[in-house]
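Below are the chains, spelled out letter by letter.
Protein chains: 2
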Amino acid sequence: MRLSTWLVPTLREVPAEAEVASHRLLLRAGFIRKVAAGIYTLLPLGKRVCSKIENIVREEMNRAGGQEILMPILQPAELWHRSGRWEVYGPELFRLKDRHGRDFCLGPTHEEMITALVAAEVRSYKQLPLLLYQIGNKYRDERRPRFGLLRGREFIMKDLYSFDRDWAGLEESYRKMYEAYTRIFTRVGLNFRAVEADTGAIGGSVSHEFMALAEAGEAVVVYCPDTTCGYAANVEKAESLSSLEEIGEEGPIELVVTPGVRSAEEVAAFLGLPVKQIIKTLIYRTEKGLVAALVRGDREVNEVKLQNHLGVLELELAGEDLVEEATGAPPGFAGPIGLSLPLVVDREVLHVKAGAVGANRPDAHYINVLPGRDFPVQDVADIRQVSEGDPCPRCGRPLLSVRGIEVGQIFQLGDKYSRALNAYYLDERGEKRPIIMGCYGIGITRTMAAVVEQHHDEEGIIWPVAVAPFQVLVLPVNYEEAPQRELAEEIYNLLREKGIEVLLDDREERPGVKFKDADLVGYPLRITVGRHAAEGKVELKLRRTGENWLVSKGEVLEKVTAFLEGKEFCTG
Amino acid sequence: MRLSTWLVPTLREVPAEAEVASHRLLLRAGFIRKVAAGIYTLLPLGKRVCSKIENIVREEMNRAGGQEILMPILQPAELWHRSGRWEVYGPELFRLKDRHGRDFCLGPTHEEMITALVAAEVRSYKQLPLLLYQIGNKYRDERRPRFGLLRGREFIMKDLYSFDRDWAGLEESYRKMYEAYTRIFTRVGLNFRAVEADTGAIGGSVSHEFMALAEAGEAVVVYCPDTTCGYAANVEKAESLSSLEEIGEEGPIELVVTPGVRSAEEVAAFLGLPVKQIIKTLIYRTEKGLVAALVRGDREVNEVKLQNHLGVLELELAGEDLVEEATGAPPGFAGPIGLSLPLVVDREVLHVKAGAVGANRPDAHYINVLPGRDFPVQDVADIRQVSEGDPCPRCGRPLLSVRGIEVGQIFQLGDKYSRALNAYYLDERGEKRPIIMGCYGIGITRTMAAVVEQHHDEEGIIWPVAVAPFQVLVLPVNYEEAPQRELAEEIYNLLREKGIEVLLDDREERPGVKFKDADLVGYPLRITVGRHAAEGKVELKLRRTGENWLVSKGEVLEKVTAFLEGKEFCTG
Numbered sequence: 001m002r003l004s005t006w007l008v009p010t011l012r013e014v015p016a017e018a019e020v021a022s023h024r025l026l027l028r029a030g031f032i033r034k035v036a037a038g039i040y041t042l043l044p045l046g047k048r049v050c051s052k053i054e055n056i057v058r059e060e061m062n063r064a065g066g067q068e069i070l071m072p073i074l075q076p077a078e079l080w081h082r083s084g085r086w087e088v089y090g091p092e093l094f095r096l097k098d099r100h101g102r103d104f105c106l107g108p109t110h111e112e113m114i115t116a117l118v119a120a121e122v123r124s125y126k127q128l129p130l131l132l133y134q135i136g137n138k139y140r141d142e143r144r145p146r147f148g149l150l151r152g153r154e155f156i157m158k159d160l161y162s163f164d165r166d167w168a169g170l171e172e173s174y175r176k177m178y179e180a181y182t183r184i185f186t187r188v189g190l191n192f193r194a195v196e197a198d199t200g201a202i203g204g205s206v207s208h209e210f211m212a213l214a215e216a217g218e219a220v221v222v223y224c225p226d227t228t229c230g231y232a233a234n235v236e237k238a239e240s241l242s243s244l245e246e247i248g249e250e251g252p253i254e255l256v257v258t259p260g261v262r263s264a265e266e267v268a269a270f271l272g273l274p275v276k277q278i279i280k281t282l283i284y285r286t287e288k289g290l291v292a293a294l295v296r297g298d299r300e301v302n303e304v305k306l307q308n309h310l311g312v313l314e315l316e317l318a319g320e321d322l323v324e325e326a327t328g329a330p331p332g333f334a335g336p337i338g339l340s341l342p343l344v345v346d347r348e349v350l351h352v353k354a355g356a357v358g359a360n361r362p363d364a365h366y367i368n369v370l371p372g373r374d375f376p377v378q379d380v381a382d383i384r385q386v387s388e389g390d391p392c393p394r395c396g397r398p399l400l401s402v403r404g405i406e407v408g409q410i411f412q413l414g415d416k417y418s419r420a421l422n423a424y425y426l427d428e429r430g431e432k433r434p435i436i437m438g439c440y441g442i443g444i445t446r447t448m449a450a451v452v453e454q455h456h457d458e459e460g461i462i463w464p465v466a467v468a469p470f471q472v473l474v475l476p477v478n479y480e481e482a483p484q485r486e487l488a489e490e491i492y493n494l495l496r497e498k499g500i501e502v503l504l505d506d507r508e509e510r511p512g513v514k515f516k517d518a519d520l521v522g523y524p525l526r527i528t529v530g531r532h533a534a535e536g537k538v539e540l541k542l543r544r545t546g547e548n549w550l551v552s553k554g555e556v557l558e559k560v561t562a563f564l565e566g567k568e569f570c571t572g
Numbered sequence: 001m002r003l004s005t006w007l008v009p010t011l012r013e014v015p016a017e018a019e020v021a022s023h024r025l026l027l028r029a030g031f032i033r034k035v036a037a038g039i040y041t042l043l044p045l046g047k048r049v050c051s052k053i054e055n056i057v058r059e060e061m062n063r064a065g066g067q068e069i070l071m072p073i074l075q076p077a078e079l080w081h082r083s084g085r086w087e088v089y090g091p092e093l094f095r096l097k098d099r100h101g102r103d104f105c106l107g108p109t110h111e112e113m114i115t116a117l118v119a120a121e122v123r124s125y126k127q128l129p130l131l132l133y134q135i136g137n138k139y140r141d142e143r144r145p146r147f148g149l150l151r152g153r154e155f156i157m158k159d160l161y162s163f164d165r166d167w168a169g170l171e172e173s174y175r176k177m178y179e180a181y182t183r184i185f186t187r188v189g190l191n192f193r194a195v196e197a198d199t200g201a202i203g204g205s206v207s208h209e210f211m212a213l214a215e216a217g218e219a220v221v222v223y224c225p226d227t228t229c230g231y232a233a234n235v236e237k238a239e240s241l242s243s244l245e246e247i248g249e250e251g252p253i254e255l256v257v258t259p260g261v262r263s264a265e266e267v268a269a270f271l272g273l274p275v276k277q278i279i280k281t282l283i284y285r286t287e288k289g290l291v292a293a294l295v296r297g298d299r300e301v302n303e304v305k306l307q308n309h310l311g312v313l314e315l316e317l318a319g320e321d322l323v324e325e326a327t328g329a330p331p332g333f334a335g336p337i338g339l340s341l342p343l344v345v346d347r348e349v350l351h352v353k354a355g356a357v358g359a360n361r362p363d364a365h366y367i368n369v370l371p372g373r374d375f376p377v378q379d380v381a382d383i384r385q386v387s388e389g390d391p392c393p394r395c396g397r398p399l400l401s402v403r404g405i406e407v408g409q410i411f412q413l414g415d416k417y418s419r420a421l422n423a424y425y426l427d428e429r430g431e432k433r434p435i436i437m438g439c440y441g442i443g444i445t446r447t448m449a450a451v452v453e454q455h456h457d458e459e460g461i462i463w464p465v466a467v468a469p470f471q472v473l474v475l476p477v478n479y480e481e482a483p484q485r486e487l488a489e490e491i492y493n494l495l496r497e498k499g500i501e502v503l504l505d506d507r508e509e510r511p512g513v514k515f516k517d518a519d520l521v522g523y524p525l526r527i528t529v530g531r532h533a534a535e536g537k538v539e540l541k542l543r544r545t546g547e548n549w550l551v552s553k554g555e556v557l558e559k560v561t562a563f564l565e566g567k568e569f570c571t572g
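Taken in sequence, the protein lines are chains A and B. Quick note on numbering: this note's numbering labels position 23 of the first sequence as 23, and the sequence is numbered without any gaps. Quick note on numbering: this note's numbering labels position 13 of the second sequence as 13, and the sequence is numbered without any gaps.
It cannot be assumed that every hint is accurate.
Intra- or inter-copy, both count: the list cannot distinguish identical chains.
Stated by the list, open to error - Below, computed lysine to any residue pairings styled on SDA-like, alpha-carbon distance capped at 25 Å:
1. 52 / 194
2. 541 / 81
3. 34 / 424
4. 34 / 419
5. 126 / 485
6. 34 / 127
7. 52 / 100
8. 416 / 35
9. 353 / 248
10. 537 / 99
11. 553 / 220
12. 34 / 81
13. 276 / 191
14. 537 / 1
15. 34 / 128
Quick caveat, the hints were computed from the structure, so don't treat them as lab data.
Looking at chain A on its own, in the form it has when it is part of the complex (with noise of 0.2 Å):
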């Protein structure tokens, strides 16, 4: 291809909006534009890349035995209904109506729909296992659609459900799965932990996330140092051993004067107690009303844990007027001592002996607090956010965090779907059993972000050889005089030839642009033909290391070709 024809419209400015390295740069390098909140137009380049991230995801669902599919974006509400999702999805669904009024929505998953038609194909165990799989858009309505193509409203995606006759087939299907994400985010260059997951709104018991490991990662990802032991989970699901120190010795409970002293930190500097041995209580708003939260000072609420204790949809903080109204006092001096909400008591506060808490009045504490003696420990679950330094739940030795970025997500759904959307076969001995499902989600527009939060530097994206939009850049430094452009046109036509992904930059611009937009956009490997040119040499480059040489043109296709086939190519 010849870049003068090719819409790549580079930036030299950086996007205001954007704040992280994948959405500025594939701004600037001429990837993808805004067309909303959230939802975007790939450019040619942009394309190119998707196409090739998609192309390997699907050579290695046909691997593993998916068979591809399409199923429609527009879903039937009814179909929502009959799994329940319709209201559990709140405004994160898209909705719409018909021309004839019938509701409809943008599926931000299909699982409802497959196990339908799963439904209405399969009869016989003779039928199963079953891997079907599709690529396309999905739809989530995000509260705070950002970073690019990290966080879209509009996204494209592949999904694959599995259908097993039973858990012995689903963790085998599970396994491929596992192994086909494997090869796949290997192969398209990425740096990624798989890690434990909690399963959210899709469901289901086991989950593992594919994290690429990166800054801009919305997700925390606490693994074990110890490779042998190999623990790694999703903050949101992470667990650590529970501390087992007792703290503070038993005492008579007693009311302190705390004048304006709110925060743990406050409250345990105040009184001259550890942090830990204060127990917060914090109020938490949900659908079925509001509900106190007990964890030591030190400590904080993992909310996804608390969300999944107690089976609601809607969790968040409490404002200060619904505390007030519940506690009687203005934030900072609640406990639970004496209030009439549901207590969730984290199982690390029961050795809390005593303990100091808000007296849900001004101004006030209580203190030599004994959970048990002193408020009720009905409902003691791990409601606590690990953080770096814990013990690691498995093997005892403190845990590292890290920043990620979610590019895959796989679940053993098991029979939730199919009881609910009547999917059974018939099983060998003729009785009807469930069938046994599992999904496993991969964001591609997301991991062509992800690809670029790890692979960039200064001057611009270093695309990975397997999904660079094109593999090689030609550049002759002055396209007009006749030496360089014959040489250029040459090798181009060389490359290209032996089916090189081969682009040409023949524009009329002078030689910094080229350069600056060919690092910008970040082409592996950059052929200059410049003033060796009359000579029959050129200067191969490599986009990652800077290094580069002078070869005769004789010796190009030999060089590229071994560069592409990751071989050592150039030496001295």
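Starting from the structure of chain A, add chain B where the hints point.
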């Protein structure tokens, strides 16, 4: 692939709702399943065919210089307000609001969005011409979705948009696309015809439709039987030579009583006149009010022509109430004399010298009516529906007509969208000029259905090799029998290794079921491994002709390869 593991749910019964062959057969052969009216899932075989058509389209678009991009399906209303089409599109446009109450639609087409993109990115004549295309879902909330993939509400389309400096450039882009479309529809195996077309809601001046000829088609094409003339047009757009025949002789106008005589045929019979001497008056309702359209009694009004002539968005025959209110008479007695509505007079009406028209009172007509003398003829236009036998507008030969499925349409848009969305460029002299646009669509899923309409028989589909889901089926009559199984596996593996798309029917089904399924699905070539397996012989059978040959296993690869290359491959 092994059929035992694939989801190909064939149906023995004919689905009741399927009126046309493609709908019936795509359902029965397990290519598609309905999710809601006009909304379908593509099953594995359907997805394979669809991808093949997409790839042929993609190759030809790239060959013509197109660059693939991907625009969002969710389109902000704002863009549509700018073009004025938010109002125009009416109930066919799926509309929705996001969580912030902002208006969006699901793109039925992308002129607005791509013009806004190009307006932002193209500044100079150096960046033109530009051909941008995408392949993806489109949405039209049809009043009557029907015929399976032929008229859906969600469907796959390829849409390309051309951007040129001037009309000469547009002509060149248009010619390239015309040629690319001709190659595409030839490659997918369609018998088609390019015809002149109305530009409809898309707008613009010149347009052609590519019509796959088929009885199931909703469109009617008229064409000149003389191939050197070559005139062909959608009947919505078609013209023919106007009749210059003078009908009747001038005389004094006269009121006659015509009790209960309403239709042109009835009036003619009652008055003893030829039908062509009657002048029909039809009352239409538009958003600008009522209008009367006049044609000869032996002609029909072409509502598309009338609508274009009036420049209205809505046009439909007025109901009885409106007709009575406007004319003072029940339907059947409307006429132009004394009628206070705008009159549109078809050209041929001018040659009626003594017409009969309704008298705008019950049971009465006027005779000896002379247009111009007895009613005004300010607004004369061609609003007549052409029909078979009418004289070709180019050469005068009687036109023929045929039904067709519109699989593609191309438009010369000119500057309609570039002016509305501010897409200008600077020419060589630094002058600002509007970009001249064209747009070019292909219905991918509709093309799939059109192929089936043209390629099927009583037993099922007969796929052309280029778009067949698999090119070859290996069918062991009894997979349980070792010699058959082993030979079938051997041939299957041999063909697979050679990159041939082959499916092995390894199911434990009765031979009759396997043969019926093979014919229903329509694999172009079947290799039956039966009782001659022990001698190392198999039967090759062509789905299209039913011809078959017994060949030894050593010959299979050569024969199959010859068949796939379109060569004569077996004789005798």
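Hints the structure fails to honour = 2, 7, 10, 11 and 13
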